[in-house]
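Asker: Please build the complex by placing chain B on the supplied structure of chain A, with the hints as guidance.
Number of protein chains: 2
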Amino acid sequence: MAETKSYIAGLYCSRCGKGHSHEIAAHLCDCGSPLLVRYDLERARSELDRNSLRDRSPDLWRYRELLPVEREENIVSLGEGFTPLLPLRRAGASLDIDLLYIKDESVIPTGTFKARGAAVGVSKAKELGVGTLIMPTNGNAGAAWALYGARASLDVKIIMPEDAPYIARAECSAGGADLYLVKGLISDCGKIAARAVAKHGWYDVSTLKEPYRIEGKKTMGYEIAEQLGWRSPDVVLYPTGGGVGIIGVYKAFLEMRELGWISDKPPRLVAVQADGCAPIVKAFAEKKTQSEFWENSRTIAFGINVPRALGDFLVLDAIYSTNGTAVSIDDDTIVASQVELGRQEGTFVCPEGASLYAAAKRLREDGWIRRDDTVVLLNTGAGIKYPDTLSFAPPYLEMDAEL
Amino acid sequence: MAETKSYIAGLYCSRCGKGHSHEIAAHLCDCGSPLLVRYDLERARSELDRNSLRDRSPDLWRYRELLPVEREENIVSLGEGFTPLLPLRRAGASLDIDLLYIKDESVIPTGTFKARGAAVGVSKAKELGVGTLIMPTNGNAGAAWALYGARASLDVKIIMPEDAPYIARAECSAGGADLYLVKGLISDCGKIAARAVAKHGWYDVSTLKEPYRIEGKKTMGYEIAEQLGWRSPDVVLYPTGGGVGIIGVYKAFLEMRELGWISDKPPRLVAVQADGCAPIVKAFAEKKTQSEFWENSRTIAFGINVPRALGDFLVLDAIYSTNGTAVSIDDDTIVASQVELGRQEGTFVCPEGASLYAAAKRLREDGWIRRDDTVVLLNTGAGIKYPDTLSFAPPYLEMDAEL
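Residue numbers (the numbering used here), protein chains in the order written: chain A, 9 to 411; chain B, 9 to 411.
Any given hint could be a false lead.
If chains are identical, the list can't say which one is meant, so a pair holds when it fits in one copy or spans any two.
[Said to hold, decoys possible] With a straight-line cut-off of 25 Å between C-alpha atoms, the simulated SDA-like cross-links for lysine to any residue are:
(1) 13 / 235
(2) 273 / 375
(3) 13 / 62
(4) 207 / 103
(5) 191 / 396
(6) 369 / 235
(7) 13 / 400
By construction, these hints were calculated from the structure, which means they are not laboratory data.
Remember, predicted model here, so these are calculated numbers, not experimental data.
The shape of chain A in the complex, shown without the other chains (with noise of 0.2 Å):
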């Protein structure tokens, strides 16, 4: 029954400031907002080093006293964290940028940054008591909340368009989740769920309507700092649907100059968008602090398919707040980059990964990248999830063939 050392002081609202205890379930604000979790860094500060880390185990709970877990017990784990940084220097040379990097969430538990969310988030409801959770999803964060679940024992139910990705049925189905398909948009999964909540008292863990997923999300940012020696990016971009991940990078950056742990300004963070569904680069060019439902949206990038996000003017105030910018590129731009990475790079990129090259490189082209900036791009899943947006139709050859 060992404690974990969490700072965990806390939960506030990311809108009123309201404080909530974290000792309860907590979901939004009354106000309606997502809540957020704050730690003791004056405390941590003085008692944690942050080269202590260095003979922890390579996975997300090396910095669990920056984390709302407070007893070892309930803490979930599949190994998920501590993902590679590739230098990649064929790529970074075409696009003119002397260090450009790629952050790989390929290469975790069910093969996208959702397990990290999901790792965090099911220990804290494990640690809360949850009995069952109920979810909307376009497809990855439900199958790593429906795998994480099982691992806590906890009853999942999962609802999902029958449009999104089919692997993410057979996850769901491995964990033993119950899993609904709806013919429409996650917003009408998210009604179905929210009816479901408020009948049976199941923990509703919709994007941001619960604390902790982003949490889970932060530790990309300190695990992009350590792998860089305790340094900021310049750049990171990001492919920005429902948000959580650009707001817990941001997060866990100013985390860190609160910490003493990095001494630079946060990078400078670019959400990236599809053509197909750009609200937060709409509202970033019009200079707003929300933004409006993107009506009819579409892309292949079917991660980055949210027409509006309940963490909106978070991702617009992170942006603003570091001097950042927002892109948006065509699906058939996101195809010819997931090709050209994998050739140049061998990694295998999921779409809503290779629209980061694709800005990288327009946003180099305008000058608004430096060559000697350090730019990370950050791959949130593996290609191998998406088999089909590639098209290639590889010869036969006759038992007799010579090559």
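Answerer: Positioned in the frame of chain A, the structure of chain B alone reads:
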């Protein structure tokens, strides 16, 4: 142009013992048998402290002195290795095994353990100045060599049966390899490849026809020992097709003893095959030292559909020398085990990996595995690479549905 301080000392024939040079491209011995790498372990023992590994990056290159690459600039890496060794508490309880682990090779670039062989094999090919490599494959190895080959700027030719898993084609395409399909078996692909090698002088990376792939695979053994605090488990179960993995793991444990890094005996090695393709199991049952070609082989666990392995005598030697055993499992039980493991532990393993759970269950029931044995299931890949193995039909919900 830094040296990596590899202790490589040469190659030797695994059957007749004849020495060969590691400084030129080498394939089989004149006697037709695979070559293995020899290291100067005596010198390594006196110079290399296992504790010096602690600060190294969490990938297989942490064992670089015991790998064949001599110059650091030849290392071709996508961040592979140091995969999770996860405790399986509920599965262990249901099997009545106190300490059951899974070594999870789904958390690696390309989603299977083939990444290890490709990383080390491609790196050494680069070091040897290879321009074009060719490989017949059941899918996952080809995918891995295509992507690592791309990262090394090599020309890669892959020949695959049309029945091989579809996702592997997408990976070859992403890496820009020349992919060919054959209406036949991997042995048919191998014949076409052999003619092309004879004609063009391409570098043949068929299973065990080059000596370095096994060096990548052996790192699984090093990692298991390091992750257990430099101890041998009592039993390692391994899904056995071409056999490179089990031969590599055995080699690792022998080397670690010579290095003084472990004092235990090597683990008892268990080769697990499918009922529909079990040449090693049959040979073991008949106390033979090599296997016979298995006619009309057939199993959903495509990676272990290998009717006869070139290294069969080495696999059998590893089993006999460690007091191991060999068992085969039927396909229905493999699928049932995949589901059982997923629901109990949240791991979505490949069918090959699932066979190990069934094998451990049978061996525990027989008393061959004891309750207090430390047992490792070596799951060779991600279930998401085989999305069609599981059958499921999730219900549809109407927009106004109530759960």
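Asker: Run through the hints listed earlier and report the numbers of any the structure violates, in increasing order.
Answerer: Hints 4 and 7 are the ones this structure does not satisfy, whereas the remaining hints hold.
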